[in-house]
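With the hints as constraints, model all of the structure from the sequences given.
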Amino acid sequence: TRGLKNKCPHVHFATNPCRIRYFSKELVVFRQNTLHLLHRQAIVPPRSGSDLVQHTVKTILDQGHLSPSAGSRPIYWQYDHAMRLYPLADAVILADRVDQFYENYADCDVINPGPFSKDFSFVVYRPIAEVDTRDQATKSDVEFSQIGEEDM
Numbered sequence: 194t195r196g197l198k199n200k201c202p203h204v205h206f207a208t209n210p211c212r213i214r215y216f217s218k219e220l221v222v223f224r225q226n227t228l229h230l231l232h233r234q235a236i237v238p239p240r241s242g243s244d245l246v247q248h249t250v251k252t253i254l255d256q257g258h259l260s261p262s263a264g265s266r267p268i269y270w271q272y273d274h275a276m277r278l279y280p281l282a283d284a285v286i287l288a289d290r291v292d293q294f295y296e297n298y299a300d301c302d303v304i305n306p307g308p309f310s311k312d313f314s315f316v317v318y319r320p321i322a323e324v325d326t327r328d329q330a331t332k333s334d335v336e337f338s339q340i341g342e343e344d345m
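Read in order, the letters of the sequence shown correspond to residues 194 to 345 in my numbering.
There may be inaccurate statements among the hints.
As the list claims (entries may be wrong) - Derived DSS-like pairs: lysine-lysine, alpha-carbon spacing no greater than 30 Å straight-line:
#, residue 1, residue 2
1, Lys198, Lys311
2, Lys218, Lys198
3, Lys332, Lys251
4, Lys218, Lys251
5, Lys311, Lys251
6, Lys332, Lys218
7, Lys311, Lys200
Derived from the structure by calculation, the hints contain no laboratory data.
Everything numeric in this text was worked out from a predicted model, so none of it was measured.
In structure tokens, the structure reads:
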């Protein structure tokens, strides 16, 4: 990353996972092939791709941990607290190599932008898109986009 840092001096590199506080919202960004890992270790694998996404989201959020398959990976106990999702974040961005998806579970937006190198697709996430005037609750907005050949 040193070469990129020399060319772009104002860029900030983050850890994995990374927690970002945006006003009152907390976002967690995590890069790992979680769906593949959980699918490989499933005793009864889900039947379809959407079931696999829902199963992964439910497993991660219900267990409150970004790496729920503790038996398959070494655990560095001094840093395990960084992998925990308690209290639950407002959004979890799973940078996985599978196609894009968005799930909302337990008031947590779980987003996978998909591999940019595959078809130049990306996600625009607005943590605070609108405010409900009745109870002052904020609603987020997720937009899936793609750079087409005409944009290049």
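Hint by hint, here is what the structure shows:
{"no.": "1", "hint": "Lys198 with Lys311", "verdict": "holds, 25 Å"}
{"no.": "2", "hint": "Lys218 with Lys198", "verdict": "holds, 28 Å"}
{"no.": "3", "hint": "Lys332 with Lys251", "verdict": "holds, 21 Å"}
{"no.": "4", "hint": "Lys218 with Lys251", "verdict": "holds, 21 Å"}
{"no.": "5", "hint": "Lys311 with Lys251", "verdict": "holds, 27 Å"}
{"no.": "6", "hint": "Lys332 with Lys218", "verdict": "holds, 11 Å"}
{"no.": "7", "hint": "Lys311 with Lys200", "verdict": "holds, 25 Å"}
Checked against the numbered hints given earlier, this structure breaks none of them.
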